[in-house]
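From these two lone chains plus the hints, build me the complex, please.
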Amino acid sequence: MSTGTTKLDVVVSDVVPVNELVTRFHFRRRDGDLLPTFSGGAHVVVEMRDGDRTRLNPYSLMGSPLDTREYTISVRRDDVGRGGSLFMHRSVKPGLEMVISYPVNLFSLDLRAKKHLMLAGGIGITPFMAQTAQLAGEGGNFELHYTCRTASLGTYADVLRERYDRRIRLYHDDREERIDLDRLLSTQPLGTHLYVCGPAGMINWVRDRAASLGWPSEAVHFEHFAAPQPGLPFDVTLAVTGKTIRVDEQQSLLEAIEAAGVDPPYLCRGGVCGQCETNVISYDGKFIHNDHWLSEEDHRSGCKIMPCVSRFEGRSLVLER
Amino acid sequence: MGITFRKETFRDDFTFKNSPEHIRRFPFPFHEDSYMYAVNIEPHVVGPKGSVLENLIDVDEHYVAEMQDRALVLAEDPLRCQSLPHMTLAGWDLLELLMEQQALGYPEHFTLTRDGDRWRWINRPLGIDDTFTFGDTSTLPYGPMEYITRQSQGDFCILDQRDGNLWMDAGMVTTQADWSLDFDIGMNFFEWHAPVPLAHEKGIFTRALKFLTNIQQGKPARRLNWTMTINPRLDTSPENYHKWGPDRTTVTPENVGDKVHLRVELQSFWRLPRSNGIVFPIRCYLIKMDELVTQPKWARRLHRVIRDLPDELANYKGLTRYRPTLVEWLSKLDDGSATSPGFGPD
Ligand code: FES
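Chain order of the listed sequences is A and B.
Following the working numbering, the numbering of the first sequence begins with 39 at its first residue and continues without gaps.
Following the working numbering, the numbering of the second sequence begins with 1039 at its first residue and continues without gaps.
Chain B with its partners taken away, still in its complex shape (with noise of 0.2 Å):
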């Protein structure tokens, strides 16, 4: 069995695609026919089996393509790959984490096995094993977290929690949505939100502050974020603004569905035992609007959603431009039916 991993690209001739069966897997993250911020934290516990949440951590068919554009990623701009000093143990942390999580999840593909310190690493997709001395930085070929995270899916932030607020002062951070690593590291919480319009007078950060430092072990939560992409780039970082921001002046109504592309995060949230840290990763699921239109009840909702939008909103992601042309084209999907409540598709 296993995973079929898809060759394709997030760049240049963009063939990136979701078979048939991770259209009906996509995290759509409306479950209802609008949208406000809400503090829309809950437990991360396993869900239903097919879905995104199978496991902990999700491993999907583009794993392999979604590793090799982070290696191009490093390649051109290393500093999206960052950890201060006193971050070392977290990232031991963090590859223990994920190492455990993933041979769990998929073991025809990873296996972890340990003999004391002695470990011994298995990725099949990517063809990798390596044996190390576990708390040992020397015996690999990167730093802890930039080691594991160059074979684990999605964006990861480790946060040191200190004086009652947390600091972002390591992260691997390649598939952002618009921000950036190296300008926030060394932020607080406070600091690294502070650009998020509407959501400051409600008091959510200090409710999700306050939740997050009470994070524990062996509880993990999450939440979904979503936003839209022109063209699937998992790179829309602010350093490569030059490249992605111009695309979106592209969009056209013949264009739409295969240009437009919801974006969602799936952000979980994990005490780290050994630091105390807790980890952030933020895994980015990209469907284009002829893919996520498969599924009726989705694009009415969508429809309705991006519409009824507020105008700050649609602003801060950055859907202005082209938003009449995207509700123009969603609306003729639109019967004017309800939607069945819930995420999934019908």
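Isolated chain A (complex conformation) (with noise of 0.2 Å):
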């Protein structure tokens, strides 16, 4: 409890369902209290009491933030992932009891800018719905270009393109449509700062692509959804509690910990914050490293984990906590 971040006891107000694949949650808080205020791109990490196991998984805010009655957040169902987002859409229903965190900004609005320019992919469009919303009430200047599969997938898209007009720019993969990207960078404003949520692909096209058009990487940002990814279960000792442990296919390794009763620190739980960083003791056997935080040098070195969303292969492995 003390290590993680602190706790908000909420009751599920709403579930709305989006699209196919998207389902949107209320939360309000159970003493009827206003809930705290955040800023836009903040994340809540959920806590989902599923049978015996507790998940954990962050989602972004994206209601705004001129209004703390109650949260919002949308899940895109995995079918393939380790079931923390199908729980949600098969068991949360209102009326529910959970406890969420308090809001955490890692994928903050550079204030200074002059100009955000914003680029979307799928359910990466979540932190720029609160971003949208925040900026809209203060007068800021935005522009939004969002990449979609289909238009009925385009997750608000409606209801952004109802806000705000022509700030926003669809683009359908369907319809074989690609954003401009060298074009759009080469045109804006000095000042202007970029904001990428979407998948790694993405992230990465447009980080490259910016990089190379000279954009200084100080008014790039990115917003990874990297959820930990399954793999082969493998054991773990604890160095200072002694304790061995089986991270099983659907956990990762930040889970195992915690079910084995150890409280160890976290924020994003995405391996991006660098929170939960640990030392290696020894292992036989090899990483992979699934974080944004190390650097390939402490990937190499194999002297570290992010235990979030990393995962190991092998004999064995010792951590220090």
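No lab work stands behind these hints, which were simulated from the structure alone.
Among the hints, erroneous ones may be present.
As the list claims (entries may be wrong) - Listed next, the in silico BS3-like pairs over lysine-lysine satisfying Cα-Cα at most 27 Å (straight line):
#1 Lys1257/B to Lys45/A
#2 Lys1335/B to Lys1087/B
#3 Lys1055/B to Lys1370/B
#4 Lys324/A to Lys281/A
#5 Lys1281/B to Lys1355/B
#6 Lys1087/B to Lys45/A
#7 Lys1248/B to Lys342/A
#8 Lys1248/B to Lys45/A
#9 Lys1355/B to Lys1370/B
Stated by the list, open to error - Going by beta-carbon spacing under 10 Å, a handful of chain A positions derived as facing chain B:
#10 Thr75
#11 Gly78
#12 Ala80
#13 Pro103
#14 Tyr140
#15 Asn143
#16 Leu147
#17 Gly175
#18 His259
#19 Ala294
#20 Pro303
#21 Cys311
#22 Gly312
#23 Gln313
#24 Asn317
#25 Tyr321
Virtual Cβ for every residue (Gly too), placed ideally from N, Cα, C.
Given below as structure tokens:
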């Protein structure tokens, strides 16, 4: 409890199907008070009690930061993932009492920007829902380019078009519409900041193009929607407590450590914040580093691992804590 | 009930004093008989009743006098308060935080009422009763940060977080120990810490930055820092060095107890919700040696700490010149017996 985030007791106030893959969840505080203020781009970690297993998944807040009577998140169903999104879709109903974390923002707006250029792919639209609401309230200058597979999977595209009209550009894969990225990036006014959220491929593409067109890295912001990947089960020993635990296929290393009664630090649970970094004491096998925090050198050295997303295959692994 | 606010000065005739209750609540910073840098950061949670941690934002008997001193400093030098244009939202965040905390801790002195965006703020000690629109700067006599920090004890640095670093992009700094907002504004965490000796090699700043950038909403943190000041001056800024620097040459065995002050900063760190910035209140507490040594444990321990301080640190803290006089004076109060663990007086 002490090392994670501060918690909020909430009740699910509404569950709204958005399209064939995405469902929206509304939370209110159980005591009826306002929820904490947040800033566009923030996420909360939702605790899911799924039988005897607790899953903790981060989801971006997508409501307006100007209205904290409720929080809303949107969850895309992932039929081959580890089961968190399926649990949300199948088992979370209005009236259910849940625990979520205080908001944490690892994808915040740079308020110095003269203009905010936003690129969203698929469910990566959610943090921009809050950011555009925040900027619109302050008269901020933004433009959002949103790519989705088909019009019917363009989650909230209609809402955004209605709210912001020409500031929203839509691209549909099935119509072979593609962002003219080089042109877009080379015609922005000085002082523009670029934000991208979506699949890893899209993020890498945008970051690469921006870098080669001379964008300073401080003006390029991105958020991965990286959930921990399933993989082969493995055993790990925690040196401090002497515990040996099993990480099963659908579990992350961090979740297994938590299930063993240890209370490790975390913020993002997505391999970007650095908070869960752990020292490797010894190993015989190979790491599957899925994080974006450690350097390549750290990855090669075999001295560190980010338990929220990374896995291991091999005979033995001993971690510090 | 309520606090009895003292009439006193931090300049010219120096009438600043602590009442006996305030001496006992002084945040003495040494938990053992020696001192070395450490990242001594801990969660900023409410502490014992009667201590400076009873409320997360402390208001004490010096409140009114400190606010008057701040107004004098600002009248002479408006650059002590600066906010880069992108920090206005963070200023509103800070206004909300300080109004909420002061009203919560001291309802007899401060009242905040909100009706949507229409807020009413009553500050009885300073005779203020203002109604304004939250978020609309034109409804306040100053920008939001300046407005509320003219009514809150301590200095305030507001840090913008970007590129994995923290940037000193706004602040109200009038009670500082020899550093300058005007010099540091716009600098990042490593730039403004550049002058501190011994700490870089230990990787302390890298770890501290990592901790700070991970500060979360709803979970503030704090640490204590200390130095010494001759005469109870709140404003020991580089800009005014010509006023306070020469004071150091005036310490004699006769006046140590009255002139030499331990200066403790309670620094806290808060994530701001709308701007995602971090605010870093630096609350300064002063106590003169005569007051401090009324607690025998503190007298003994301070003697050992100052006597054994490494020279570079003594130098950095500006104690070198009067250290022998101070140590000699304190040594008479140190009978050599053991000090009990912890910060508090016996
Ligand atoms: S929790 Fe953020 S990197 Fe692991």
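Verification of the hints:
no.: 1; hint: Lys1257/B to Lys45/A; in the structure: holds, 10 Å
no.: 2; hint: Lys1335/B to Lys1087/B; in the structure: holds, 21 Å
no.: 3; hint: Lys1055/B to Lys1370/B; in the structure: holds, 23 Å
no.: 4; hint: Lys324/A to Lys281/A; in the structure: holds, 21 Å
no.: 5; hint: Lys1281/B to Lys1355/B; in the structure: holds, 17 Å
no.: 6; hint: Lys1087/B to Lys45/A; in the structure: holds, 26 Å
no.: 7; hint: Lys1248/B to Lys342/A; in the structure: holds, 16 Å
no.: 8; hint: Lys1248/B to Lys45/A; in the structure: holds, 22 Å
no.: 9; hint: Lys1355/B to Lys1370/B; in the structure: holds, 23 Å
no.: 10; hint: Thr75; in the structure: holds, 4 Å
no.: 11; hint: Gly78; in the structure: holds, 9 Å
no.: 12; hint: Ala80; in the structure: holds, 8 Å
no.: 13; hint: Pro103; in the structure: holds, 6 Å
no.: 14; hint: Tyr140; in the structure: holds, 4 Å
no.: 15; hint: Asn143; in the structure: holds, 5 Å
no.: 16; hint: Leu147; in the structure: holds, 8 Å
no.: 17; hint: Gly175; in the structure: holds, 9 Å
no.: 18; hint: His259; in the structure: holds, 9 Å
no.: 19; hint: Ala294; in the structure: violated, 23 Å
no.: 20; hint: Pro303; in the structure: holds, 8 Å
no.: 21; hint: Cys311; in the structure: holds, 7 Å
no.: 22; hint: Gly312; in the structure: holds, 7 Å
no.: 23; hint: Gln313; in the structure: holds, 6 Å
no.: 24; hint: Asn317; in the structure: violated, 14 Å
no.: 25; hint: Tyr321; in the structure: violated, 24 Å
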